Amino acid sequence: MKSIRRVLLIVLGVLIMGTGIFLLLATVHPLGGTGLYLMHRYGQTVLLLVGGALTVIGLILLLMGIFPSKKQPETVLQTGDLGEVRITLNALENMVLRVVQQKKEIRGSKRKVVSTPRGLVVYLQVKVAADQNLPELSSELQRDVKNYLEEITGIVVSEVKVNIENIILEQVPLKVK
Amino acid sequence: MADEEGRVITSELGSIRIADEVVAVIAGLAATEVEGVSAMSGGFAGDIAEVLGRRNLSKGVKVEVGAEEAKIDLYIIVDYGNRIPDVAWGIQENVKKAIEQMTGLKVLQVNVHVQGVNFPMKEKEKEDEQKESTLK
Chain A
1 MKSIRRVLLI
11 VLGVLIMGTG
21 IFLLLATVHP
31 LGGTGLYLMH
41 RYGQTVLLLV
51 GGALTVIGLI
61 LLLMGIFPSK
71 KQPETVLQTG
81 DLGEVRITLN
91 ALENMVLRVV
101 QQKKEIRGSK
111 RKVVSTPRGL
121 VVYLQVKVAA
131 DQNLPELSSE
141 LQRDVKNYLE
151 EITGIVVSEV
161 KVNIENIILE
171 QVPLKVK
Chain B
1001 MADEEGRVIT
1011 SELGSIRIAD
1021 EVVAVIAGLA
1031 ATEVEGVSAM
1041 SGGFAGDIAE
1051 VLGRRNLSKG
1061 VKVEVGAEEA
1071 KIDLYIIVDY
1081 GNRIPDVAWG
1091 IQENVKKAIE
1101 QMTGLKVLQV
1111 NVHVQGVNFP
1121 MKEKEKEDEQ
1131 KESTLK
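Quick note, the sequences are listed as chains A and B, same order.
Note that the working numbering numbers the first sequence so that position 109 is 109, with each residue one more than the last.
Just add 1000 to wherever you are in the second sequence, counting from 1, and you've got the working numbering.
None of these hints come from the bench; they were simulated from the model.
The reader is advised that the hints may include incorrect statements.
Reference excerpt, derived from the structure (chain B facing chain A, CB under 8 Å, subset only) [unchecked claim]:
id : residue
1  : Val-1008
2  : Gln-1109
3  : Asn-1111
4  : Gln-1115
Reference excerpt, derived from the structure (chain A facing chain B, CB under 7 Å, subset only) [what the hints assert, rightly or not]:
id : residue
5  : Gln-78
6  : Glu-84
7  : Val-85
8  : Arg-86
9  : Thr-88
10 : Ala-91
11 : Thr-153
12 : Gly-154
13 : Val-156
Nothing here was measured: the structure is a model prediction, and the numbers come from that model.
Backbone N, C-alpha and C define an ideal beta-carbon position, used for all residues, glycine too.
Start from the sequences and build out the full structure, keeping to the hints where you can.
Have a look at this one:
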């Protein structure tokens, strides 16, 4: 069913884009009787606008057909009598960001969450302000991320791997005498 | 052309057809009533429809309707600060109750797919700032 939809989108996209290009070309160099007729009947401005719009719409449909939207990877939160509850890994990564945001010492982060049979594994790459106790900060971060995710989602977090990517030095403005 | 999909109830006086779209709208409305649900997530096509001013009540809902039963998939965004299993359980209960009450269909499954978390505005601004600083 999905492949039929894709083929239909591609065919429709090509047809609409073809019509749009034909109208655009007709404004510059009318191709045959139809082009000339359209040029005289509607004028250059209308043909340019309609042709441009059709070309864009056709291109969008064509791209939607060629590159279907990828389904975001998900993980199962719980399975009950009424059905499953799933959550995207992207949503989990945003929750990790929420925890990271609350730490003043962290100046930037990259997050990745992976679902494994043992539970979630969180990869966290952070940039930290200078003069911080790194082991203490890292273990605090690991604990907070694990507690927050487990509390909000109910999934077990098996590991939180923290990688300190860089130390950010605050720039002191130079005094000009 | 009448929509041939959906549930048909036949009686002496004639037949009643409930379209799949109707079941989807009921499910969508029941889901958004639950506390903690920020919005339905309808993907690219749903967003375009909303930009064009068409309120799509079945956005983020997929239904499979059989002769007597239905299976529902809901794609949602939750508000920050809510426990997701609790929100999902509330949705499953509310959607099942609404569909069974209004259409008489037996709801076999209500699968909830959490697609994102909605942070309050201030949090969002901070988030954007941090994303920018990460890129630099």
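Please write out, lowest number first, the hints stated earlier that are contradicted by the structure.
As far as the earlier hints go, 1 and 13 are violated by this structure, in ascending order.
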